[in-house]
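Here the protein sequences line up with chains A and B, keeping their order. The opening residue of the first sequence carries number 26 in my numbering; numbering runs sequentially from there. The opening residue of the second sequence carries number 13 in my numbering; numbering runs sequentially from there.
A portion of the hints provided could be inaccurate.
Stated by the list, open to error - Pair ranges (Cβ atoms, derived):
(1) A:Ile213 - B:Ala369: 30 to 36 angstroms
(2) A:Val82 - B:Ala37: 22 to 28 angstroms
(3) B:Ser336 - A:Thr297: 40 to 46 angstroms
(4) A:Val338 - B:Arg19: 44 to 50 angstroms
(5) A:Gly413 - B:Arg370: 50 to 56 angstroms
(6) A:Thr242 - B:Leu38: 36 to 42 angstroms
(7) A:Leu36 - B:Ile34: 39 to 45 angstroms
(8) A:Leu36 - B:Leu39: 31 to 37 angstroms
To be verified - From chain A, some residues computed to sit far from chain B (all C-beta separations above 10 angstroms):
(9) Met49
(10) Ser79
(11) Arg160
(12) Leu247
(13) Leu265
(14) Val338
(15) Thr410
To be verified - With the C-beta cut set under 7 angstroms, the calculated list includes, among others, these residues of chain A facing chain B:
(16) Leu216
(17) Ala221
(18) Leu226
(19) Phe228
(20) Leu229
(21) Gly289
(22) Phe291
(23) Ala293
Since the hints were derived computationally from the structure, they do not count as laboratory data. These figures come from a predicted structure and were not determined experimentally. Just so you know, even glycine gets a beta-carbon here, dropped at the ideal spot from N, CA and C.
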Amino acid sequence: MNSLTAIGAILLLALLAGHLVKAMRVPEVTGYILAGVAVGPFGLGLVSHENVVSLSVFSEVALGLILFSIGSVFDLSRFREFGSHVLSVTFIESALAGGLVTAGMLVSGQRWQVAFLLGAIAIETAAASTLMVIRECDAAGPLTDTLTGIIAVNNILTLIAFSLVATSIDLHAAAGGVGGWSAAYRAIFPLIWQLAGSVALGFLVGLLLASWASHVTEHGELLILLAGCVLLCVGVASLLDLSPLVASLAVGATMVNLSGKSRGLFGALTRTDPPLYAIFFVIAGADLDLKLLGSLGVLGTIYVIGRASGKLVGARLGAVRSGATSEVRRFLGPAMLAQAGLAIGLIITTRERFPDLAPTITAVVLGAVTVFELIGPLATRMALTRSGEASARTDPAAAPG
Amino acid sequence: METPLNRRYLAVLAGAALLILIAGALLRPRTTTSVLPRTELVQLDQMSRRRVAEDFAAYFAERARLFAVHLLPSGAPAGVIVSETEAIAAEPTGATPWPFRRVARSEADSIRPAPEPIRAPTGWLLAVRRTPAGNAGWAPVLVSGRTSANCGAWQTRPLLVSERLPAAFAGAAAFDLDGRLAGVVALCSNESVIVPMDEVVRLVTAAESPAGVLLARAGIVAVAAPGDSGIDIRQVRIRSPAERPDLYPGDRVTAVNAERISGDSGIARLAAAAPGTTITLHSAGAAERTIVLGNTAALGKAAPAGLVLGDLPGVSIGHVDSGSAAARAGLRAGDRVLRVGGRPVTSSRSLYQLLAARDSVKLIVYARDGALLSAQLRNE
Chain A
26 MNSLTAIGAI LLLALLAGHL VKAMRVPEVT GYILAGVAVG PFGLGLVSHE NVVSLSVFSE
86 VALGLILFSI GSVFDLSRFR EFGSHVLSVT FIESALAGGL VTAGMLVSGQ RWQVAFLLGA
146 IAIETAAAST LMVIRECDAA GPLTDTLTGI IAVNNILTLI AFSLVATSID LHAAAGGVGG
206 WSAAYRAIFP LIWQLAGSVA LGFLVGLLLA SWASHVTEHG ELLILLAGCV LLCVGVASLL
266 DLSPLVASLA VGATMVNLSG KSRGLFGALT RTDPPLYAIF FVIAGADLDL KLLGSLGVLG
326 TIYVIGRASG KLVGARLGAV RSGATSEVRR FLGPAMLAQA GLAIGLIITT RERFPDLAPT
386 ITAVVLGAVT VFELIGPLAT RMALTRSGEA SARTDPAAAP G
Chain B
13 METPLNRRYL AVLAGAALLI LIAGALLRPR TTTSVLPRTE LVQLDQMSRR RVAEDFAAYF
73 AERARLFAVH LLPSGAPAGV IVSETEAIAA EPTGATPWPF RRVARSEADS IRPAPEPIRA
133 PTGWLLAVRR TPAGNAGWAP VLVSGRTSAN CGAWQTRPLL VSERLPAAFA GAAAFDLDGR
193 LAGVVALCSN ESVIVPMDEV VRLVTAAESP AGVLLARAGI VAVAAPGDSG IDIRQVRIRS
253 PAERPDLYPG DRVTAVNAER ISGDSGIARL AAAAPGTTIT LHSAGAAERT IVLGNTAALG
313 KAAPAGLVLG DLPGVSIGHV DSGSAAARAG LRAGDRVLRV GGRPVTSSRS LYQLLAARDS
373 VKLIVYARDG ALLSAQLRNE
């Protein structure tokens with residue numbers, strides 16, 4: 026199948042799967058992912074590995090746009106209201122999820138490097154699937170606001186934690202060998218560069234977007250401008266070894282703070298981007314190998330249980346501590362179980378920086394991502410529905426009659 | 013722009029951001045270039061490794077089918093049938109230190125059962141391979157029962173072979189008396205060892221390659237076709253990306269300079285063929301045709317290979333032009349291309365076809381230094 030046929034088939038299939046799962050009160054995202062699993066190289070093989078690779082550019086664009094949308098939570102005027110609350114919940118749930126996974130790995134006899142890298146990756150909550158479920162449910166309310174804020178902070182925190190662990194491993198290795206300052210420099214530089222450089226790039230692109238947007242009136246032109254800026258940002262970030270994720274977040278954050286047009290822009294984006302996201306999730310599903318579930322093993326089980334309990338307990342503790350409403354306390358944990366994009370990105374980074382540690386980490390995380398990508402969106406939808414924040418349109422339980 | 017921040021403040025911030033970017037880009041430590049794109053969010057890593065393992069398993073399994081255990085009427089294994097015409101009997105002859113002798117396939121029924129020690133404690137292994145000289149040299153090897161202490165990098169301790177084998181045996185497949193593929197011959201610190209198959213696959217998938225186990229060979233790889241009907245071409249090495257070999261894997265050569273060839277002597281004739289030689293061949297489903305070997309034919313350095321079990325799947329790269337797209341993608345001579353755009357490369361012809369089909373393809377390459385790489389190649 027060539028790429029165009031694959032895109033066409035994927036879009037129609039996603040639509041069909043979305044309709045089917047809706048009837049079962051399952052999020053569309055799960056439907057897309059399951060459709061991907063079914064037709065992907067590990068399923069029926071209708072969409073080949075080659076197609077998946079050639080369509081990965083869509084994934085990058087979609088992920089950039091998703092993070093751009095999430096960046097809008099850093100609207101300073103609003104963030105002041107709930108910022109400290111979001112920060113404290115994120116720190117607690119991240120520390121608990123990462124800490125439990127790390128401790129479990131250490132107890133099971135893994136090297137400290139493997140344990141801490143897995144702990145850092147376990148922090149991540151999937152931005153894309155969580156945001157898509159929020160959008161599909163048309164959810165609004167304190168839980169939704171907290172959740173969106175947490176996703177943004179959580180992804181940055183994951184990156185910081187991972188970079189810190191990676192730097193420590195490099196420094197530890199440098200301490201035992203030759204290289205001295207040069208090795209230390211090589212170890213520390215990526216940590217600072219990935220954060221400061223990515224924010225700087227995102228800010229500059231955001232500035233460009235905000236200044237230009239004030240001169241653009243047509244909806245179509247606005248979309249062209251936005252797509253251009255996000256693509257530019259992701260492309261330059263890749264070129265300079267920066268984090269496309271943090272940079273895209275920074276574009277969104279800059280835009281929302283500098284431009285009065287940002288609300289309209291984010292709204293326009295919501296109406297235009299569904300096909301891109303459908304492709305994104307079907308491809309994500311096509312990459313999942315359900316057979317990995319069978320080979321999850323002891324380490325995979327420790328990771329899944331450690332991360333899930335860390336998220337559930339940590340979110341609740343954090344919410345109680347910050348005086349959140351009872352709905353937020355009860356449902357925040359389940360809403361943030363999904364894990365995907367950044368975790369897989371970090372596996373690739375691990376493979377590049379620590380090839381000797383990569384096999385264990387890859388096996389554990391890919392198996393766990395399969396679990397969390399299937400149950401995560403379901404849990405998020407359940408949380409939004411039961412907290413009463415999903416709109417009546419998408420919530421059959423709340424529908425009249 | 014409607015903003016609570018004043019313009020001067022924004023300009024300072026923008027300047028600082030620009031400064032950070034420029035300084036960072038300049039001060040970035042030059043790391044070894046990785047050809048795996050960082051932004052690749054697919055599970056390429058996992059998939060490519062699994063595919064390579066599958067390629068290897070399939071590759072060896074295909075060759076293992078050539079062998080069958082010869083059972084006595086009692087059901088006891090008596091030897092290994094190595095081809096349609098030959099067998100190795102597992103019986104002591106007294107004349108050699110090896111309790112094996114080559115017999116004709118027709119004699120296989122006369123093979124007597126092997127004495128008890130043959131199967132204990134580690135058992136005997138047969139490493140079978142024709143020698144590079146083209147003689148029908150099936151080499152039985154005796155496994156000492158000890159494991160090698162010198163191959164420290166390997167997870168599974170390889171079994172020590174009692175005598176050091178010539179280098180030409182590196183990469184040969186070893187079969188046990190039940191006809192199962194037991195491992196691959198490797199040379200390690202002056203020792204000859206049998207590396208178990210699990211370890212071979214692990215080495216490949218973990219991208220650690222001790223020299224010797226995975227020995228890429230030069231030239232063509234050919235086997236005698238059944239029934240004296242010619243020589244089957246299995247692999248052809250490409251020496252230059254611009255070169256189109258005249259022979260392709262899958263071709264069957266039936267004559268050299270109009271003389272019919274077959275068997276071992278045919279392989280030797282083919283290997284010795286100089287540029288200008290007329291070769292008659294036919295490909296599957298096509299009529300017989302004649303070609304004249306050009307100067308660039310891949311036969312120049314051909315080693316008469318017979319049944320070669322040591323080669324890796326994929327196609328080896330003979331030469332990379334400096335400054336070319338291939339060089340920029342990180343490819344080097346000696347690397348093996350295993351997959352192009354997700355499809356296994358089974359022959360040089362399939363490599364050409366896959367490369368020519370599109371402007372930009374992703375290759376999975378088993379690098380000369382043992383790393384498993386993914387490279388994006390753009391046709392120019």
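#### Entry: Structure versus earlier hints - violations, ascending order
Structure breaks hints 1, 8, 10, 13, 16, 21, 22, 23.
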